[in-house]
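**Q** With the hints as constraints, model all of the structure from the sequences given.
Just so you know, the sequences run in chain order D and A. Under our numbering, residues 1 to 302 are what the first sequence spells out, in order. Under our numbering, residues 303 to 500 are what the second sequence spells out, in order.
Among the hints, erroneous ones may be present.
Cross-link-like lysine-lysine pairs, in silico, BS3-like; alpha carbons within 25 Å at most [what the hints assert, rightly or not]:
1) K454(A) <-> K313(A)
2) K399(A) <-> K42(D)
3) K292(D) <-> K276(D)
4) K473(A) <-> K490(A)
5) K473(A) <-> K378(A)
6) K183(D) <-> K490(A)
None of these hints come from the bench; they were simulated from the model.
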Amino acid sequence: MAKREFENKTLSSTGSMIVKRGLAEMLKGGVIMDVVNPEQAKIAEDAGACAVMALERVPADIRRDGGVARMSDPEMITGIQAVCSIPVMAKARIGHFVEAQVLESLGVDFIDESEVLTPADETHHIDKLKFTAPFVCGATNLGEALRRISEGAALIRSKGEAGTGNIVEAVRHLRSIIGDIRKITQADSAELFDWAKKLQAPLPLVQEIAETGWLQVPLFCAGGIATPSDAALAMQLGAQAVFVGSGIFKSDDPAPRAKAIVEATTHFRDPEIIAKVSRNLGGPMTGIGMDKIEQRYAERGW
Amino acid sequence: MVRVSQSKSAKVVGVLALQGAFSSHTKVLDSIGVSTQEVRTPQDLASVDALVMPGGESTTMSQLLESSELFEPIKKLIHEGLPVFGTCAGMILLASKIIDGRDDQVSFGAINIEVQRNAYGRQIDSFEADINVESFDSPFHAVFIRAPRIVKADGSVEILAEFGDDIVLAKQKNVLVASFHPELSHDKRIHEMFVKEI
Chain D
1 MAKREFENKT LSSTGSMIVK RGLAEMLKGG VIMDVVNPEQ AKIAEDAGAC AVMALERVPA
61 DIRRDGGVAR MSDPEMITGI QAVCSIPVMA KARIGHFVEA QVLESLGVDF IDESEVLTPA
121 DETHHIDKLK FTAPFVCGAT NLGEALRRIS EGAALIRSKG EAGTGNIVEA VRHLRSIIGD
181 IRKITQADSA ELFDWAKKLQ APLPLVQEIA ETGWLQVPLF CAGGIATPSD AALAMQLGAQ
241 AVFVGSGIFK SDDPAPRAKA IVEATTHFRD PEIIAKVSRN LGGPMTGIGM DKIEQRYAER
301 GW
Chain A
303 MVRVSQSKSA KVVGVLALQG AFSSHTKVLD SIGVSTQEVR TPQDLASVDA LVMPGGESTT
363 MSQLLESSEL FEPIKKLIHE GLPVFGTCAG MILLASKIID GRDDQVSFGA INIEVQRNAY
423 GRQIDSFEAD INVESFDSPF HAVFIRAPRI VKADGSVEIL AEFGDDIVLA KQKNVLVASF
483 HPELSHDKRI HEMFVKEI
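**A** Written as structure tokens, this is what we have:
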């Protein structure tokens with residue numbers, strides 16, 4: 001956390017938890033879109049994205065190409081920053097704190113320690129408390145979410161299964177995380193010790209959930225959103241914003257689909273509006289069934 | 303869609319809920335006993351006595367204001383004297399002039415200030431600091447997230463707080479704006495100040 005002095009000698013501090021979680025609060029109700037070049041970034045911003053995720057290949061292509069997936073070329077990230085007035089996020093490999101340092105030095109607004117890239121460490125995640133930039137991390141269940149929060153994550157996204165265009169895993173993960181939050185709010189104080197043990201999560205964080213009824217940070221949904229209805233489904237299940245990766249730029253006509261997903265995310269409880277914006281969007285990304293995939297990205301993370 | 307909470311007050315404060323930190327505002331307003339209504343469609347405006355425009359992305363909100371057919375009705379209500387409070391992106395939406403905005407970005411032109419988007423830098427430059435607010439007897443802890451800067455204010459604008467050389471809290475008739483986020487700092491005084499005027 002850096003301290004600095006302004007001309008009038010008023011002290012201010014950057015990189016505090018309230019400042020990091022603050023940006024996550026500002027993204028609520030919005031759509032964060034994966035983009036691979038400045039042209040796509042413009043399309044995303046024009047469509048009403050509240051942030052973009054700059055990466056070299058969308059998850060569907062990472063899945064197709066195989067090999068090791070790493071942090072993107074800094075040149076490509078700064079190219080996207082140059083054309084965007086909205087926050088720009090970028091991905092580092094799980095445990096690869098040097099990639100995270102590089103992204104922070106580029107002024108990336110949110111660092112995604114992402115299972116979509118090939119993990120660099122099979123035991124440790126990045127110590128995110130050491131950074132000024134905020135981190136978002138994926139989770140498949142509440143225990144995983146709380147471990148990431150204890151490491152300093154300012155935002156959690158349910159992982160889903162990236163690059164599939166299939167919402168089923170995202171639904172599973174959201175239901176698991178939010179279902180357990182609901183159960184914890186009904187537990188008595190003695191049961192919270194057992195919850196912490198079962199979740200392999202710090203007890204104070206579990207106790208805090210029992211008290212507040214929610215995570216310490218916002219919860220967004222990622223991994224498999226391809227249509228306006230998918231986005232609204234995630235929101236009705238309790239996600240507070242959505243990440244759309246391959247779903248937009250792997251569809252037939254990205255710009256109108258992007259705009260429709262933005263509107264459906266805002267009006268997520270209004271089926272008439274969702275129906276209206278879903279008309280004539282062209283084909284969504286083809287998508288794949290879970291029985292057809294070789295590597296489940298959601299299993300990465302510890 | 304409609305969210306009306308338990309309350310002691312008969313007045314209803316609408317919170318523009320197109321995108322952004324609307325739920326944090328709702329929470330603060332709930333805690334001071336004010337009824338709230340999330341506003342996403344023109345119908346939601348019918349019952350509100352005041353309106354909060356939260357932080358978030360002003361470009362996103364600007365587009366959704368138009369696609370949700372809220373821009374004209376809100377503009378009319380503000381002109382008729384509806385009390386409004388804009389924080390961060392909400393302040394940008396209310397400003398008479400936006401610098402570094404998108405060409406197609408709309409604003410209500412409800413307060414005579416020029417606002418520069420993201421003027422304090424990227425997220426790594428976001429910060430928190432104590433500010434002195436006119437009429438408060440102790441400092442207010444303010445959280446600035448990729449904050450816009452008020453670069454110019456007309457003489458008709460009342461300055462309520464400054465940070466460094468910048469105006470950060472200002473008022474003109476029924477319009478209150480903050481470049482920071484009072485909804486994030488567990489201090490209800492600015493919301494109370496706004497609600498008192500309704």
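**Q** Now, for every hint given, state plainly whether the structure supports it.
**A** Each hint, compared with the structure:
1. K454(A) <-> K313(A): Distance ~33 Å between K454(A) and K313(A) Cα, so the pair is violated.
2. K399(A) <-> K42(D): 23 Å, holds
3. K292(D) <-> K276(D): 33 Å, violated
4. K473(A) <-> K490(A): Status holds; Cα separation ~18 Å.
5. K473(A) <-> K378(A): 19 Å, holds
6. K183(D) <-> K490(A): Violated, at about 31 Å.
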